[in-house]
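**Student:** Chain by chain, the residues run as shown.
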Amino acid sequence: MNDALVIAGKSYQSRLLVGTGKYKDFTQTRAAIDASGAEIVTVAIRRTNIGQNANEPSLLDYLPPSEFTYLPNTAGCYSADDAVRTLRLARELLDDHRLVKLEVLGDPNTLYPNVTETIAAAKTLVKEGFEVMVYTSDDPIIAKQLEDIGCVAVMPLASLIGSGMGILNPWNLQIIIESAKIPVLVDAGVGCASDAAIAMELGCAGVLMNTAIAAARDPVLMASAMKKAVEAGRESFLAGRMAKKLYSASPSSPTTGMIG
Amino acid sequence: MKSGMQIFVNGKATPLPAEAMSVLALVEHMQLTGKRIAIERNGDIVPRSQFAEVQLQADDKLEIVGAVGGG
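So the protein lines, in turn, are chains A and B.
Heads up, the first sequence is in this note's numbering, so the first residue is 10 and it goes up one at a time.
Heads up, the second sequence is in this note's numbering, so the first residue is 27 and it goes up one at a time.
No lab work stands behind these hints: they were computed from the structure.
Zero decoy hints are in this set.
Derived EDC-like pairs: lysine to aspartate or glutamate, alpha-carbon spacing no greater than 20 angstroms straight-line:
id, chain 1, residue 1, chain 2, residue 2
1, A, Lys19, A, Asp105
2, B, Lys87, A, Asp91
3, A, Lys132, A, Asp91
4, A, Lys132, A, Asp105
5, A, Lys136, A, Asp90
6, B, Lys61, A, Asp70
7, B, Lys87, A, Asp90
8, B, Lys87, A, Glu101
9, A, Lys237, A, Glu48
10, A, Lys136, A, Asp157
11, A, Lys31, A, Glu48
12, A, Lys190, A, Asp148
13, A, Lys190, A, Glu140
14, B, Lys38, B, Glu54
15, B, Lys38, B, Asp70
16, A, Lys132, B, Asp70
17, A, Lys19, A, Glu48
18, B, Lys61, A, Glu65
19, B, Lys61, A, Asp105
20, B, Lys87, B, Glu45
21, A, Lys132, A, Asp148
22, B, Lys38, A, Asp91
23, B, Lys61, A, Asp104
24, A, Lys254, A, Glu210
25, B, Lys61, A, Glu76
26, A, Lys237, A, Glu210
27, A, Lys136, B, Asp70
28, A, Lys33, A, Asp70
29, B, Lys61, A, Glu101
30, A, Lys136, A, Asp105
It should be emphasised that the depicted structure is a prediction, and the values quoted were computed from it without experimental measurement.
Work out the full structure: start from the sequences and follow the hints.
**Tutor:** Rendered as structure tokens:
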């Protein structure tokens, strides 16, 4: 079955996107990402350590950009200006790379997104030719506005970043999915494999996660579980679930041919 | 040693060893040659292709960044 995820005109076989933070070391990062089957991996842009060991290994040595689609993010940015500057640097860093994840935070305790700054940044970035996958709240009106601005994917939270609380408002997600013409991915809040499956069963085009894998007791095993959950959830969505009934007078075994 | 000018690199006041210095010379001075980095100077990107041409000025504010793990 060819069921590719298409983002900004490019096809991906995996609907699981993963972050590269919070792992024990680069070896574990690589092993977990391999187990997840992810093709798109997020990276952060940070100041280079000046005067440190020049031969220190870098993330790029373990995850060569030739093997993965990088999704540079704006994690930690609290203003549209900082987010735009960060992604301009990312574009230069990654040889005119345009696919980016925009997130502008509003509060350091909850990491809740600041949607007004997000919208301002999205407008600038789209104008400059970036392909913007945008992290946002699960507000259907904001999601629609971000789509209208020209973002290539909208990524509402399931619950707060790093919380692992799962999908707190499936109804809002459903409204966003039903009205969107661009891919809707759940980003943030997934805690375990069933959360990812539920997101996909709601009709999400994909799921982006980091902590759920990196903070599991066995990150590599959890990455494998997430791969299967996203695939299972997608197939379940495509297959179309049976109708829910409080009870059924239609058993699965024949009602005729009984003995006696 | 005759002190050169001072610039700011990643928020830190940094004296330069020479009066005139290009971005490329700074990259070499900081042993970042061959590293995958991107540089912003006073709010604007300095494309890698222009490292040799762009001359640093006193009090320039440089951001030198790379990619790290993140979600």
